[in-house]
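A.B. asks: Sequences listed follow chains A and B, in order. Under the working numbering, the residues of the first sequence are numbered 129 to 487, in order. Under the working numbering, the residues of the second sequence are numbered 62 to 406, in order.
Rather than coming from a laboratory, the hints here were simulated on the basis of the structure. Keep in mind that this is a model prediction, so the values were computed, not measured. Every residue gets a Cβ at the ideal spot worked out from N, C-alpha and C, and that includes glycine. Do not take every clue at face value.
Unchecked claim - Have a look at the derived ranges for each label pair, beta carbon to beta carbon: (1) B:Leu136 <-> A:Gly434: 38 to 46 Å; (2) B:Ser159 <-> A:Tyr349: 38 to 46 Å; (3) B:Glu142 <-> A:Ser291: 50 to 58 Å; (4) B:Leu295 <-> A:Glu296: 35 to 43 Å; (5) B:Tyr344 <-> A:Glu248: 53 to 61 Å.
As the list claims (entries may be wrong) - Covered by chain A, per the in silico footprint, the following chain B stretches (three or more residues, Cβ under 8 Å): (6) 66–74; (7) 83–96; (8) 102–112; (9) 138–147; (10) 394–405.
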Amino acid sequence: MTHVDVGMILERLHDEGLLPDRARANELMVGMDVVQPWYVRTMVGFGAWLASLMLMGFVVGLGTIFEGGYMVLGVPMMAGGIFLRRGSQSDFLIQASLAIGLTGQALFTFGLVDLLGWGEGVEAALLAALTISIFLFWLFPDHTVRVLEVLFAAGSAAALIYSFEINELIPFLGPAFAAGLVALRQYEARRAAGPWIPWAAPGSVGLMLSAFACLMLSTIYVLPELAGRTDFYPRPWISTVLLGPLLLYLSARVWSQVFRASRPAVYVGHGLVLTVIGSAWANPGLILALIVVVLGRETGSRAFTGAGVGFLALFLGLYFYGIETTMLTKSMTLVATGLAVLLARWSILKLANREPGNE
Amino acid sequence: MGQTATPAKLRQLAAALELEPNAYSRALELAGLLPDRQTWLRGINLFLAALGTALIVAGIAAFFAWNWADMRPMLKFALVEGAIVASVLTAWRMGLDSVVGRSALFAAAFLVGILLAVFGQVYQTGADPFGLFLGWALLVLPWALVGRQAGLWMLVAILANLSLILFWTQVLHPPSGWWQLSQLLGPLVWLSVTILDFRLGSCVFALNIALLALWEYRAWSGADWIRSRWFPRLVALGALSVVLIPTLIIAVGAAMNEEANLSSVSPVLFVGTVAVSLYYYRYKQPDLLILTLSLVGCIMVLTCLFARGLSGIDHGLVLAFAVVAQTAGAAVWLRKVMRDWEKES
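Model the full assembly from the supplied sequences, consistent with the hints where possible.
C.D. replies: See below:
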């Protein structure tokens, strides 16, 4: 990767009339702080989560003097966390605010279950957790908390669906998150400033992880006697059918760049994608992984590309490990798929090199 | 000023300047962060070549795992050896720096293991499995030396680790005690449990540190391909984990010290590793990920030590405070390191 200097880019923008105030840009560049990479943010999130568990253990260990007391205690803690985060720039206070806010959320949910009992209380608590997550996503001005809140909301929604035994909705959940992910990623790729930017970046990361988590459910084998009245992940092809158009939409943009004006070549590209969608009929996770790879590549995010490739390997491995067939059939399927992939690669490169103006 | 234009940096600057979407897009374009046609083609080439090769090699492995009784042994050998020769010829013909050449050489290295497995199937030698992994590692080592790719080195590293662990548990010290029941939970759990024995853990640690040191030494003066960071990061994670897990168990004060052969050697190695990595990856070979991993390890060990030393109702509060303070401290230090690197560059 070639390294391009920020100063050079500002100069060019100024020359092209896209940056009116060059002096202000210089000032900002000098005072600009470093941006933490994803693994440092993960460490911060892990620390906040661990601290909130300990804080919760402390509060629950103290006990309350009346029923539902944990709920009452949870509300000011959430408010305190938001207040502290809004008013602080110090790393210690930021970390403390995350721990306090997450503890408040957990206490409120736990208090509700404690008040209503483990029977009806669980569904009410899940509903409350979903609502609180949406509110905290909105109100808590922190990237890490917002990512976590999307994950909590997605987890609560999935758990509610299972709890209400409406498993038929499960195949719709992953594609819904994926659609949100694509929309947010497209929004933030086009602009750096805007009213929704503080929510778009953590929202897209949270939705990507939530979508993968949902589609991981499709790979779990549940014994029929444990599965209840309906399947654990009924009709996975619904997810494939819903994710398919998203992959077609994203890949269309890639083909238009790769094949430029050649309509037949673009049709070949669409044909290849449709073949992939058809092959992944029972394994929708593969389509999602490809969507994330394309999104990552399109927006220059190594974390997204890496996550997509990692999950692609995982879904492929789980699929071939899990299918109930002989090793011979698996072997033939794997070799045939591999050859098809190599053939697709050869065709794409051949068609692209036939474009006018290519070496 | 010399600041490199990363996506995060441009986004931050564009947000502060409230740049219009077209100006922001142009900035990304100038920085080479919007993929152009050539970038897409390079990506498609690499991705599909790697995926196709991996699927075919997995298919060949599944075919020989099927152990077709009616197939004559010579035909089996001819098939695998033919595939190896074809892969090597492809790698030679396409060049070791091309995507196809690299994929073909990696496939050849993987097929060597399948050849050894077929040999074991046909002749039923009764040899210990560590011999297969050791033989495999030694046979592909020359290709790793000339292959100019981190993937081949990772294969050698995995095979060397497996050989060592299996030699220890099958020949030197076959497992005894309750913890051998972990074999029932699958090979990954079993491998993780075996390295709790501090003697084996120390050997695995030494092996990975040696590989890491060798890689970093070569990277210091080496070619472009060896500057790729994913190999040293994974090896460093492995080496750190081997000494971190026993250290955490000792820190918590588990009662299985004698049974699992835990010893104070692991904590000493852990402290030494963290100290060296914090110095080396801060000053000699900048690597924020390995610094972060080292700090996460420290936070975990210190928190376990606090938890062991505390009792009473305020236990959770103090621990929460300790975790917040440690994580915030780590974040502050990492930010300072990033700023210093930026100034130095």
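A.B. asks: Compare the structure with each hint and give your call.
C.D. replies: Each hint tested on the structure:
no.: 1; hint: B:Leu136 <-> A:Gly434: 38 to 46 Å; verdict: holds (41 Å)
no.: 2; hint: B:Ser159 <-> A:Tyr349: 38 to 46 Å; verdict: holds (41 Å)
no.: 3; hint: B:Glu142 <-> A:Ser291: 50 to 58 Å; verdict: holds (57 Å)
no.: 4; hint: B:Leu295 <-> A:Glu296: 35 to 43 Å; verdict: holds (41 Å)
no.: 5; hint: B:Tyr344 <-> A:Glu248: 53 to 61 Å; verdict: holds (60 Å)
no.: 6; hint: 66–74; verdict: holds (count 9)
no.: 7; hint: 83–96; verdict: holds (count 13)
no.: 8; hint: 102–112; verdict: holds (count 8)
no.: 9; hint: 138–147; verdict: violated (count 0)
no.: 10; hint: 394–405; verdict: holds (count 5)
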